Amino acid sequence: MKAAALPGALAARQPAPPAAGNNAPVKRRLPRVEAASIILPLLAGVGVLLFWTALSQTVSPDLPSPLRTWQESKRYVLNPFFKEGEMSQGIGRLAFYSLMRVMKGYSLALLFGTPLGFLIGLSKFASRALDPLIQVLRPISPLAWLPLGLVIFQRSEPAALFTIALCAMWPTVLNTAVGVRSISSDYLNVGRVLNLPRSKMFFSIILPATLPYVFTGYRLSLGIAWLVIVASEMLTGAPGVGGFLWQEYNALVYSHIILSILTIGFVGFLLDRLMGTIEARFKST
Amino acid sequence: MNTPLLELSQLGKTYETPQGPAVIVRDVNLRVEEGEFVCLIGHSGCGKSTVLSIVMGLIEPSAGSAILGNREIDGPGTNRGVVFQSPSLFPWLSVVQNIQLAVDQVKPNLSAAERLACAKETLALVGLADEADCRPAELSAGMRQRAGIARALAVDPKILLLDEPFSLLDALTRMELQDELLRIWERHRKTVLMVTHDVDEALLLADRIVMMTNGPAATIGKIMTVPFARPRVRAELADNPEYYRARDSLIAFLEGQGTALPKED
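As they're listed, the protein sequences go chains R and S. So the first sequence is numbered by this note's numbering: it starts at 1 and just counts up by one. So the second sequence is numbered by this note's numbering: it starts at 286 and just counts up by one.
Everything labelled a hint here was simulated from the structure, so no lab data went into it. Among the hints, erroneous ones may be present.
[To be verified] In the BS3-like style, the derived pairs of lysine-lysine whose C-alpha atoms are separated by at most 25 Å in a straight line are:
(1) S:Lys475 / S:Lys392
(2) R:Lys200 / S:Lys507
(3) R:Lys104 / R:Lys83
(4) S:Lys392 / S:Lys443
(5) S:Lys475 / S:Lys443
(6) S:Lys392 / R:Lys200
(7) S:Lys475 / R:Lys200
(8) S:Lys392 / S:Lys405
(9) S:Lys507 / S:Lys405
Note that the coordinates shown come from a computational prediction; the quantities given were computed from them, not determined experimentally.
Next comes chain S alone, as it looks inside the complex (with noise of 0.2 Å):
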């Protein structure tokens, strides 16, 4: 068997506080295979966006390791694109000035009228080849958190880390942004570690889809290889009786999980 992309063995976030240590997650372990598309999913504050967060970077895990490309994870890094639940693009620059932050940061040895066809280049991609000199708050939300994975393309990744980046879009655009991702994805084949509480996304896009446990303590509760064959059609895939008893097993498993109160991240 060939090495992981990413592997997480042992993985666990432990916090100290005044009440004594609170363990966020534990004994997660996870190989994430190079050009695959995996999903994290749990619900509210069950510690999946904690994970993501040890793989971005952010956070420093209390036990355990993360290894990308067989380097420990010890900080932030370009090797990743990451893209955050909201847009967060600079109001101050225009669109096509956000994604060269990105772009001046791993290809500091072009010119700037290079950087800036990169740039550009990135934003064709993401559909937005016609907004570049706009500022981000001309655009709507669908169109700033295209910008969002423009960006995260731009420093050309390993790995897309993807946290709930739909979440805060309306359904229409939602399933826009949804089939844009799948339609990049397939051109590209990026390794994606993408975290959501949304069923039918998760079926939609992930080869794997990885369920959580509730907090406190949480970890890795099963894990569903999606059988779908590829390239996938969300109408299609409405018509697969295969898909209902995914999503069944899915929703059975994250029911089962109890509806405790969510806890904030």
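Isolated chain R, as found in the complex (with noise of 0.2 Å):
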């Protein structure tokens, strides 16, 4: 559960150590495997890019080319934030919308998240009740989720909010959950020898031991809410960047789904090392 980070960012932030040779001084190797780390991810994506070439050139003539993509998407690139009208917005402006909306959704589910996992955690009774519920309805998908929110809040916004709570709050349940089962039990030993009061053992020992696991939930859970938003605002066509997708397939414009698609791969990119910078700083105290 704790693994399922982005591979490529991980091996991105772990460059490979250099080959142990034993007549070439290190100070000349570090250089090369710097320079292998920068190059390497530079040839696949020109390799990327041939193929897209290829494929719009070829089999799809609708996909635009990568340099068509660019001719009629830098407009929103390179002035991110111009505002024209609801329909035409700089791609960082929609990203900033989709984001505020990502962040409520994502603060709810924290909010509903983090006390379910203690309390799954310390309590065998509610972790027997509420154990085989939550395996029921962690695999869900949002897309199924978003209708039943439209049938109970009636508006699209508090039922995309409920969408992203609903599916991004179980890793943060789990991992919660984890953590505090898996506390050693010379800790809390510890705590019972001192006599500490329940309010003291809970914030002084469970909680503060329970910190690392609860940021790794944090992490996961913003990368589902950041999967769930687009599929929200695509339902409900809300203005962000899964809307703006949306509206420029119906529009033709399809460069403009690839500007989509790249700029949520992105955001959610950045968000993940966010969060994995204060998920690090937790775990090393």
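With the hints as a guide, bring the two chains together.
Structural data, given as structure tokens:
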């Protein structure tokens, strides 16, 4: 469950150690390794561009080539925050709308998920009652929750937040519960022999001991929240990257679909990096 | 005869299992006098830690009674200072904050500054004055266990309970900490009940050595009064022919218990 991070992101963070050569001094080898970690992804990127170009020239004439995509999108990228109306806004502004919506839904997920995780971790009773339910709710796609949200709330915005919160909270719930359960019994015994009152036991021992797990949950939850936002915007037509993607598909501006996809990937990557940094800070203490 | 500080009478612990009751220890009778240093020794899994856990208040006995200072033990409490096998310091707190957690618990009426001073004083006692603001991860294993001892002393307990406190340390550090514990004990003469499986450790530290028979259904086999005068010095003990006689007798008892496969505690 914890290893569900982007493998690409992990690999990029830890460049391969230089091969141990006995006669070559380490100093000369290091720059070569760093160059490889830049050149190799560049080569892979060029490969994808070539494949994409070939695809657009041959089997799929509707697919805009990389060059055309750039020409039709550069206005949105070079001036990312312009606004000419509801239908025409810079990609940065659209991403900002999506991020704001994600943050609201994500906050709800943490607000409900964290206490639920502690409850399940601390109480055998709650764990027995809720574990099977969670196993059933967890694999439900956001596309299935959204219509239910619309039925319940009658409006698209709260329905989107409901969907994000409901889909994104599970990693937080499960990691928190696992964290509580894996607290060393030595730590708990120290608290017991000191006769710590229940509240102090929780805030001085259980909470800090669980925090690294909680933040792993928070990072995974944010990844899911960002996945869900696109689906929910596509269905509700709310302004944002996902809404823009669907609108441009309907307007037959296919290059903007690719622009949206790249933006979604890039923002998701940044979010994961951000949370990874915060998480590492909590793990080191 | 005056009343002992700690009195275990007919103490036993039995767990109900699907295969029927499993008797861990039975009929443990032991009186520990004020200021006495008593070591419990035996093979791994013989239930010596179970006896100690009952005194800690972490396990309820299923038979007999454990009386500490005229009161039946009915749960953990700060009149006992506990050192576990692993130092179990909280890594998110500094060393002094770890000690302060214990001080806060027993001296809630003092101001924060006084409690901090008290924690620092206890750290100085175990030679960690300069490491007060370090994180536990920055300390060596020996230093961490010193801090563990400081945390146990910080509650100013009637009795110190040590559960194989040096068994995870390397030989040199272990000797260093044994000497340190001896030095601290000579100064305060606090009552100590310590579980160990190290014969030399028991001979160096204890007034009496309680030998446990092998489990299941372990009990006290023999009690040896250690004849060496205090204060003790490791090097002098090594020159004493009596030391080897005592050592041989302890080992003979433990070997007489057979070399049955040790079970986990």
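Against the structure, the hints come out as follows:
no.: 1; hint: S:Lys475 / S:Lys392; result: 19 Å, holds
no.: 2; hint: R:Lys200 / S:Lys507; result: 43 Å, violated
no.: 3; hint: R:Lys104 / R:Lys83; result: 23 Å, holds
no.: 4; hint: S:Lys392 / S:Lys443; result: 15 Å, holds
no.: 5; hint: S:Lys475 / S:Lys443; result: 7 Å, holds
no.: 6; hint: S:Lys392 / R:Lys200; result: 15 Å, holds
no.: 7; hint: S:Lys475 / R:Lys200; result: 29 Å, violated
no.: 8; hint: S:Lys392 / S:Lys405; result: 14 Å, holds
no.: 9; hint: S:Lys507 / S:Lys405; result: 41 Å, violated
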